[in-house]
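Enquirer: Read off the chains here:
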Amino acid sequence: MSDTLSTAPASAPLVKWRPTGLLFIAAPILLIAVFLFYPALRSIWGTIYVRQPDGSYAFSIASYLYFFSDSYSLTNLGRTFWTTIVTMVLLIAINLPIAIYLRFKGGRLAVFIQVLALFPMFVPGIVIVYALIRYLGPNGLLQTLLEVVGIGGFQSPYLTPWGPVIGMVWDAMPFTLLVLTAGMSGIATSAIEAAQDVGAGRLRILFSIILPQIKNSLLVVTSLNFLGLFGQAFMPFMLGPTSPEMMGPFMLRTFSTVRDPLQAATQATIVFALCSVAGLAYVRSIAKRRAAELVK
Amino acid sequence: MASLSLAGVSKEFNKMTAVSPLSLDIADGELVCLLGPSGSGKSTLLRMIGGFEAPSSGQVLIAGQDVAHTRPDKRPTAMVFQSHALWTHMNVFDNVAFGLKLRKLSKAAIETKVMEALELVGLGGYHKRMPRQLSGGQQQRVAIARCLVLEPKILLMDEPFASLDQHLRERLREEVRQIQRKLKITTLFVTHAQDEALALADRIVVMSMGAIEQVGTPDDIYANPQTQFVANFIGTMNMIPGAVSGGRIRASGFDLDAGFSDGPATLAIRPEDFAITETGTTVLVKRVVNLGPFLLAEAEHADGTAITVHLDKTHPVREGSSLTLTAKRHAIYRDGEKPYRSQPTA
Ligand SMILES: Nc1ncnc2c1ncn2[C@@H]1O[C@H](COP(=O)(O)OP(=O)(O)OP(=O)(O)O)[C@@H](O)[C@H]1O
Ligand SMILES: [Mg+2]
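Quick mapping for you: the protein sequence lines, in order, are chains X and W.
So for the first sequence, my numbering puts the first residue at 1; every next one is plus one.
So for the second sequence, my numbering puts the first residue at 1; every next one is plus one.
Derived by calculation from the structure, the hints in this document are not laboratory data.
From the three backbone atoms N, C-alpha and C, an ideal C-beta is built for every residue, glycine too.
Check each hint, because a few of them may be wrong.
Unchecked claim - Below, simulated BS3-like cross-link-like pairs (lysine-lysine); rule was C-alpha separation at most 25 Å, straight line:
no., chain 1, residue 1, chain 2, residue 2
1, W, 286, W, 328
2, W, 104, W, 128
3, W, 128, X, 288
4, W, 128, W, 153
5, X, 105, W, 15
6, W, 113, W, 15
7, W, 104, W, 74
8, W, 101, X, 215
9, X, 215, W, 286
10, W, 74, X, 105
11, W, 128, W, 74
Unchecked claim - For each label pair, taking beta carbons as the anchor points, the in silico distance ranges come out as:
no., chain 1, residue 1, chain 2, residue 2, range
12, W, 166, X, 185, 29 to 39 Å
13, X, 286, W, 74, 33 to 43 Å
14, X, 109, W, 109, 57 to 67 Å
Could you put the whole structure together from the sequences, leaning on the hints where they help?
Expert: Have a look at this one:
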């Protein structure tokens with residue numbers, strides 16, 4: 001008996017697993033299943049098990065074949081990728097320097113910058129959208145101001161592909177900054193000073209020490225931003241052009257204006273599949289970090 | 001290797017003095033410990049030498065050259081930090097090789113030097129490990145190797161073993177001592193543990209509140225503490241308030257010679273400097289602790305003064321019994337005056 005005890009793995013849990021624990025999470029899981037998974041699966045199912053002209057149901061991937069042969073659908077998908085990637089890159093390009101500044105400089109200015117960057121979190125999207133339209137739109141405040149100082153020929157980004165980019169950058173700023181600052185706070189000051197000590201300059205420290213150390217945060221923020229941006233409907237609908245357009249407004253239009261629920265569900269399933277890839281990258285990065293912690 | 005001189009170096013943070021102007025000379029190849037309580041300015045002083053803080057005033061002279069406002073990497077110094085200084089995304093080899101790669105050495109030269117440095121700190125064969133796969137002690141060895149591989153003239157260590165357990169600390173400080181002797185590298189070692197300073201240093205610099213209290217060899221510091229602070233801080237010292245008059249000090253029943261002007265003063269006696277005698281001060285033993293080679297008795301004088309005494313084991317003593325003591329050696333302190341030290345009797 002004592003032998004079996006002493007050879008028990010060291011990692012054996014100290015607290016016995018109890019079925020009561022499962023009861024606690026049963027209700028939320030049930031809710032998720034009933035209100036999320038079931039309808040989602042039903043609508044995915046509905047895209048491949050389709051009502052035929054004669055009234056019967058049969059397996060068919062016709063709606064997918066249509067999507068991937070329809071140049072308009074494909075252009076919209078391409079526009080969605082373009083908008084998402086440009087927005088993601090801008091988000092990192094804007095927030096990484098801010099996060100680095102906040103990590104290494106203190107004082108009032110740092111607090112002010114942080115408040116400014118987190119500000120969009122407290123403003124509803126609809127307010128932002130209208131503010132942007134009044135400011136950036138044709139004959140908006142910016143154009144007027146530019147003309148006052150003698151700069152003409154201002155091209156408003158409103159209703160161009162850059163409209164949604166600007167709106168979504170604004171929208172996702174706070175989240176991006178929060179994740180990056182959290183990542184930066186994990187870098188020890190002595191690790192940076194040690195690099196200075198052996199002769200690394202600022203750029204070398206950025207590329208050889210800081211970026212590798214926040215690799216995980218970059219991956220997390222990029223994959224979650226992808227998920228948030230790729231399916232966005234509101235910003236592109238309000239600020240973007242109608243043709244080509246992002247998948248979000250495209251799905252809305254297919255569903256409510258064109259009244260083709262099958263094609264809308266097909267588009268949604270394709271967006272879902274693409275987002276799953278980003279979701280997988282996120283889950284993997286978390287699993288990797290867990291594993292790294294376990295090695296310790 | 002090089003000598004190090006500080007001339008009137010000070011540091012203020014937002015008008016708060018962390019280090020008052022101080023001067024210090026360290027010889028080539030010497031191992032000096034900066035010893036002092038938390039907040040006494042040890043790290044700040046070390047960081048000014050390493051180039052991580054700019055002094056508010058004064059000069060930092062390395063081999064005669066003022067480097068007070070030179071960048072860390074342009075100084076012939078290397079710093080071992082207290083903790084978390086390894087680059088966790090690089091393996092041991094890359095951590096040690098990083099500085100060499102920046103110097104554009106050939107691949108072969110880098111490899112030889114890194115392996116040598118790892119061998120020196122007893123980590124031969126660990127070069128492929130990631131920092132998280134190493135114990136705290138091994139991580140600090142890597143940090144030391146990372147410094148040594150660049151062949152600095154002065155090695156700076158800021159409480160490098162503070163987060164390790166006692167046993168490991170003792171072993172690592174022995175190794176540091178050996179490496180330091182072998183390379184004859186001028187070394188400054190910050191610690192707030194007096195045993196570490198006493199065991200390691202050629203000379204100890206005792207600091208308190210941003211100022212140097214005393215500089216001396218471990219023996220000297222222990223035997224002749226120059227200030228009340230040092231007397232109290234190094235080893236155990238009974239500090240008994242009393243008064244001097246007519247060349248004698250009277251304190252809690254002790255009546256001892258004092259080459260000191262009249263007035264209040266503090267009598268200082270080490271626990272091992274008491275003798276058990278027929279006449280003297282009588283104290284009541286409150287507690288006896290067996291410290292292996294000797295007994296430690298915590299006693300109390302009738303006036304409430306606590307007195308700690310070391311007794312050899314041949315002397316039977318019980319809690320509740322009384323002891324009659326006299327001092328074999330004593331010192332007298334008064335703020336702002338040179339202390340008086342008795343001639344040891346026999
Ligand atoms: N960057 C800083 N800004 C403001 N004050 C500082 C800074 N660094 C140190 N100080 C202050 O200077 C004083 C000396 O600090 P220092 O870190 O040198 O002490 P220390 O002797 O190393 O203490 P410890 O044993 O706790 O490490 C402290 O009062 C500390 O609060
Ligand atoms: Mg310190």
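Enquirer: Confirm or reject each hint.
Expert: For each hint, the structure was consulted:
Straight-line distance between C-alpha atoms of residue 286 of chain W and residue 328 of chain W comes to about 22 Å, which keeps the hinted pair within the 25 Å bound. Between residue 104 of chain W and residue 128 of chain W the alpha-carbon distance is near 22 Å, which keeps this suggested pair within the 25 Å criterion. A hinted pair counts as satisfied when its Cα atoms are at most 25 Å apart, and residue 128 of chain W with residue 288 of chain X qualifies at roughly 19 Å. Under the criterion of a C-alpha separation no larger than 25 Å, the hint pairing residue 128 of chain W with residue 153 of chain W is inconsistent with the structure, at around 28 Å.
As the CA atoms of residue 105 of chain X and residue 15 of chain W are separated by approximately 19 Å, the hinted pair is consistent with the 25 Å bound. Only pairs whose Cα atoms come within 25 Å are accepted, and residue 113 of chain W paired with residue 15 of chain W is rejected, the gap being roughly 45 Å. Restraint check: the Cα-Cα separation between residue 104 of chain W and residue 74 of chain W comes to about 16 Å, which is no more than 25 Å; the hinted pair holds. The hinted pair formed by residue 101 of chain W and residue 215 of chain X meets the criterion: a straight-line CA distance of about 22 Å does not exceed 25 Å.
Simply put, residue 215 of chain X and residue 286 of chain W have alpha-carbon atoms about 61 Å apart, too far for the 25 Å limit, and the pair is violated. Distance hint between residue 74 of chain W and residue 105 of chain X is fulfilled; the C-alpha atoms sit about 23 Å from each other, no more than 25 Å. For a cut-off of 25 Å, the pair hint linking residue 128 of chain W to residue 74 of chain W is broken: about 30 Å separates their Cα positions. Distance hint for residue 166 of chain W and residue 185 of chain X: a CB-CB separation of about 31 Å, consistent with the stated range 29 to 39 Å.
The hint said 33 to 43 Å for the Cβ distance between residue 286 of chain X and residue 74 of chain W, and at roughly 42 Å that hint holds. A hinted range of 57 to 67 Å is violated for the C-beta pair residue 109 of chain X and residue 109 of chain W, which are about 45 Å apart.
Checked against the numbered hints given earlier, this structure breaks hints 4, 6, 9, 11, 14; the rest are met.
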